[in-house]
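Enquirer: Each chain, letter by letter, is given below.
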Amino acid sequence: MAKTVLTVDDSASIRQMVSFTLKGAGYSVIEAGDGVEGLEKAKASSVNLVLTDHNMPKMDGITLTRTLRGLTQYASVPILVLTTESSDEMKAKGKAAGATGWMVKPFDPTKLLNIVKKVIG
Amino acid sequence: MQKSDVSLTLWTGGALSAIAALGLVMLGTGAAAAATVAGLAAAWAALVWRYVGRKQAYSEVAGRSQSQIEQHLDELAAETRSARAELEQLKELLSDAILRLVTSFSALYGLAERGQATAPEGGINADFAQQVNKAVTALQFQDMANQLVGHIDTRVAAIEQLTGSSAKAPTLAPVLRAQHMPQHEQRHAALDELGAAVIAAHGRRRDSPVAQARAAQGSAELF
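If you're matching them up, the sequences are chains A and B in order.
For the first sequence, position 112 (counting from the first letter as 1) is numbered 112 according to this note's numbering, and the numbering increases by one without interruption.
For the second sequence, position 140 (counting from the first letter as 1) is numbered 140 according to this note's numbering, and the numbering increases by one without interruption.
Don't take every hint at face value.
Unchecked claim - To give an idea of the chain B side of the interface with chain A (calculated C-beta under 8 angstroms), a few residues:
1) L76
2) N133
3) V136
4) T137
5) D207
6) G218
7) A220
8) L222
Said to hold, decoys possible - Taking CB as the label site, the calculated pair distances span:
9) B:A126 x A:K117: 35 to 45 angstroms
10) A:S19 x B:G123: 14 to 24 angstroms
11) A:K41 x B:T103: 33 to 43 angstroms
12) A:K117 x B:I69: 52 to 62 angstroms
Just so you know, the hints here were simulated from the structure itself, not pulled from any lab data.
We treat Cβ as the ideally placed atom computed from N, Cα and C, and that holds for glycine.
For reference, chain A alone in the conformation it holds in the complex (with noise of 0.2 angstroms):
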């Protein structure tokens, strides 16, 4: 069975990108315009890998990630944080939260590709 991952960005060509270059490799993905959704989603649903954006309206990225640490059913769940933020103090405050992994934009997508592969198999 397919591992799903749920992707989370407020811009609708970047949930594509990322939604074609995984599911061209066998993941099955599920998008969401926003922390607010992204959370809503993650709830519904089985989720192996939450690929969140930081910058977004309604919910950022940080605080999802902590959301979902809060939930039993995310405790162990790697999150990688995609986003154009480079700075350290905003790594740390994503480690700080919960976060698996952070990657800066843009991404290669087989560099993303190998990432994944790495936290979910």
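Given the structure of chain A, go ahead and fit chain B onto it with the hints provided.
Expert: Showing chain B alone in chain A's frame:
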């Protein structure tokens, strides 16, 4: 009351006291004259004391207002410089992305034209896949450009508020127009209000969420 009015009052009061005292002494009214002189002198001293105190208070308020205005003008200059730098970054990012896309699409077109889009053993040719990856990476410029534009917009809003071109009150313009001394307290209060409004509206975050100026930079780190 203007500064000149206060000075005039003081000097007139002092002169009148002196004339009255001299007149009374000349009339030889003795103790009554001495008491009147003492009373007038005390009143004059009180007036001088009050004037000096008010002058000092005005100077302090004026000094604080001046310092606040300079601070807001510095902030205005900093916002303008940052907005210009971010526009330059945006221009560089767009040029870089377009160049990368043109290069990738030209390469893809060349491979397809030569019938090399697919590998002889089946599947997609490695060079073709690599060019698609490069194009996908470069296409992400839109997300970075959107964030940069959003950040520049917050800077422009701050500039609008400081220059008074925004409909949102308070602004710096009416404060700068207030020239007279009695208005210093109002200027001071208005500047305080403006400072608080600017901070509340735009926060203290000055860093752009996008540091990249090229569409081929990115990194990954697992914690």
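Enquirer: Determine whether the Cβ-Cβ distance between A:K41 and B:T103 falls within the hinted range of 33 to 43 angstroms.
Expert: Between A:K41 and B:T103, where Cβ atoms are some 37 angstroms apart, the hint holds.
Enquirer: Tell me if the beta carbons of A:S19 and B:G123 are separated by a distance inside 14 to 24 angstroms.
Expert: holds (21 angstroms)
Enquirer: Range first: 35 to 45 angstroms. Now tell me if the beta carbons of B:A126 and A:K117 are that far apart.
Expert: Given a distance of about 18 angstroms, which is not inside 35 to 45 angstroms, the answer is violated.
Enquirer: Would you settle whether the hint for B:A220 is holds or violated, based on the nearest Cβ-Cβ distance to chain A being less than 8 angstroms?
Expert: holds (4 angstroms)
Enquirer: Does B:G218 hold up as a contact with chain A if the rule is Cβ-Cβ below 8 angstroms?
Expert: Where the cut-off is 8 angstroms and the nearest Cβ of chain A is about 5 angstroms from B:G218, the hint holds.
Enquirer: Return the status of the interface hint for B:T137: holds when the least beta-carbon distance to chain A is below 8 angstroms, violated otherwise.
Expert: Holds - the Cβ of B:T137 comes within 8 angstroms of chain A, reaching about 5 angstroms at its closest.
Enquirer: Is the hint on B:N133 kept, meaning its closest Cβ partner in chain A is under 8 angstroms away?
Expert: Since chain A brings a Cβ to about 5 angstroms from B:N133, closer than 8 angstroms, the hint holds.
Enquirer: Between the beta carbons of A:K117 and B:I69, is the distance compatible with 52 to 62 angstroms?
Expert: Between A:K117 and B:I69, where Cβ atoms are some 59 angstroms apart, the hint holds.
Enquirer: Would the hint on B:D207 stand, with a C-beta cut-off of 8 angstroms toward chain A?
Expert: Holds. Min distance 7 angstroms.
Enquirer: Does the CB of B:L222 sit less than 8 angstroms away from some CB of chain A?
Expert: Given a least distance of 4 angstroms, the restraint on B:L222 holds.
Enquirer: Given a cut of 8 angstroms on the nearest C-beta pair, is the interface hint for B:L76 held or broken against chain A?
Expert: violated (26 angstroms)
Enquirer: Would you check whether B:V136 satisfies its interface hint, that is, whether its CB is within less than 8 angstroms of any CB in chain A?
Expert: holds (5 angstroms)
Violation of the numbered hints given earlier is confined to hints 1, 9; the remaining hints are satisfied by the structure.
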